[in-house]
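Visitor: Here is how the chains run, residue by residue.
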Amino acid sequence: MSEQMRRIAIDPVTRVEGHGKITLLMDAENRVHEARLHIVEFRGFEKFIQGRPFDEVPTFVQRLCGICPVSHHLAAAKAVDQLVGVDELTPTSLKLRQLLHFGQTLQSHALHFFHLSSPDLLFGFGSDVAMRNIVGVIDKHPEIAIKGVKMRKYGQQVIAAISGKRVHGSAAVPGGMNKSLSVEERNVLLADIADIKSWAQDAVTLNEQIHMTHAENHGFATLNTHFLSMVGGGGELELYHGGLRARKPNGDTIFDHFDYRGYQDIIREEVRPWSYMKFPYLTSLGKDEGWYRVGPLARVNNCDFISTPMAEAARQRFRAFADGGFVHDTLAYHWARMIEALHCAESIELLLNDQDISGDDLVVTGEKQSEGIGVIEAPRGTLFHHYKIDEEGLIEKANLIVSTTSNNQAMNESVRSVANEYIDGNEITEGLLNHLEVAVRAYDPCLSCATHAMGKMPLQVELIDANGTLVDRVTKGSNGSIERSL
Amino acid sequence: MSKKIRVATTSLAGCFGCHMSFLDIDERIVELLEHVEFNRSPITDIKQCGPCDIGLIEGGLCNADNVHVLREFRENCNIIIAVGACAINGGVPAMRNNFTVKECLEEAYLNGIGVENPMIPNDVELPLLLSKVHPIHEVVHVDYYLPGCPPPADAFMKVLTDLLEGKEPSLPKEILHYD
Ligand code: SF4
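Keeping their order, the protein sequence lines are chains A and B. Per numbering that gives the first Met the number 0, the very first residue in the first sequence carries number 0; after that it's consecutive. Per numbering that gives the first Met the number 0, the very first residue in the second sequence carries number 0; after that it's consecutive.
None of these hints come from the bench; they were simulated from the model. Heads up, none of these hints are tricks.
Only pairs whose alpha carbons sit at most 25 Å apart, straight line, appear in this in silico DSS-like list of lysine-lysine: (1) LYS157(B) - LYS152(A); (2) LYS3(B) - LYS139(A); (3) LYS152(A) - LYS139(A); (4) LYS396(A) - LYS131(B); (5) LYS396(A) - LYS367(A); (6) LYS367(A) - LYS178(A); (7) LYS3(B) - LYS166(B); (8) LYS172(B) - LYS157(B); (9) LYS387(A) - LYS367(A); (10) LYS2(B) - LYS157(B); (11) LYS387(A) - LYS101(B); (12) LYS101(B) - LYS396(A); (13) LYS3(B) - LYS157(B); (14) LYS149(A) - LYS157(B); (15) LYS139(A) - LYS2(B).
Over the 12 Å line for every Cβ pair with chain A, so calculated as not near, a few chain B residues: (16) ASP52; (17) ASP142; (18) MET156; (19) PRO168; (20) SER169.
If you anchor each label on the Cβ, the simulated ranges turn out as follows: (21) ASP122(B) - ARG316(A): 38 to 48 Å; (22) PRO308(A) - VAL138(B): 48 to 58 Å; (23) HIS34(B) - SER357(A): 37 to 47 Å; (24) PRO117(B) - ASP264(A): 11 to 21 Å; (25) PRO308(A) - ASN77(B): 47 to 57 Å.
Idealized CB from N, CA, C, for every residue including glycine.
Here chain A stands alone, though its shape is the one from the complex:
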């Protein structure tokens, strides 16, 4: 019987554009026992990369995700550096890569906040669907929308200046970079950076106001979790290179400055039959307790300080909000994201004023190795790339842990927490659907769930009781219409 019902659930009509599907399993007391956010995309990268020459990986691995392609490009490049036996890049190449990565993080964060999430926060979670999108923001708050569009544009321009294209350019080569930035290219970028910095500051202020004045947001989808992120040698916020730090919800350290080449010793990934996205956990804590969150919220909580002054001042206000403890509010992801955007803008300015980025010493060589592991803080969190090659330099084995995967359990838990609040007996309420979207969107899920990341998530929610019987199903179509199909 329940099998029959579930077959109806994949009825194509409800699946137009739909990658988002949530099922809620109820216990005997009609409480949500488990929430399942199903990820239905599968690409097969780990297999089809086998037999390809290692040096082409950074160029095409970015085609896994066009939203943060630079992150994949650079994580793969760091792994490839190890494959060619290079531990340290020239100052020019290192700074160019950092600059490229700051450009990427700025554009991705701007896209996420302004294009996708600001409508929820500005208009309210339950506001008119027709307005609740970037077009509505352009209409009602043009000054905010245009600044957001231009901040994203600027990040893309930094990327294009370094890699030749805004999306899927090529920049990193084994042991370095393929070109530096000319003085003219720098000057063009420098001309706008003051505006970008002040707009990023405005975005932080806007988030502070929204979060402080909406007490109802604080507990929304909020979880007390472990956090995982990379930090720099001095414990500072670091996006390109550093050691791994994991902390408990109360701030106690699980490990710190851990060399990520040993990631296999600290992280495992559980497969569950209902999703193509695995469930990573910290090995030392086990699979029930060991899940964690990554991304802006994890990074801004985990770091001891931020190296640029405006973002550091913003971080201090952020931590003061939780009296110096960790901010666990799921919606504070947006706030942390804008603090990072500000840090990116400040860092871009520093790097553009650094003569090294126009240097011509670009590539270092070394002795070939058989294994390389590259880790980076992508906009959505810690990203792992791991490759093994044979004697001819062909890939034998590849393993990726993408950022969104690390937030898999947390997204499910946030969904469960929101569902418990908005389930009325055996009925899925309309409020639930709107709020679920907001909860999932805070994590900025990407890649396989790119549809959600783009701000629109046709959703299907099912309620299954303790006996496995489907008791309610509601679908929200691409146009926002709500349909009950039971």
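Once you have looked at the hints, place chain B with the ligand on chain A.
Guide: For chain B with the ligand alone, kept in the frame of chain A given last:
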């Protein structure tokens, strides 16, 4: 321009890079919105449903869901444009065509590094994977092809502007890219 044209967009087996490139029209989006109304698109939530003038398709076909969405688009859109290498040729996702689906699934879920509870996800909620990744013209008629990985933002603008003006779309050399 009295009546706005309706544009729908979707990402099938693509990376969203083509959508990103479309957004790279930057502030020109304001001007575009004077002439264009987005229907089903991940870019906006406009509450309008029904037939469309133009459907932009990113990505090829890797599962049954993709095929369904593509057919929906063909039924509803007067003009279908295959956007980018993946929609036109299959692109990077089609690299899996050198292997069987089984081999790909086993590598990820059985033989992967650090995998706990090795098994192949098989829930009924997961759409059926096609044995090969296909370009979209193998399933529906395609009116225009917009090449590139991704096509540059200017190419999107040019094609839409041409169609808005009732002209046959064409791309000058400077914005015709295949990389
Ligand atoms: S054509 Fe290129 S940019 Fe477009 S979806 Fe495919 S890989 Fe991404």
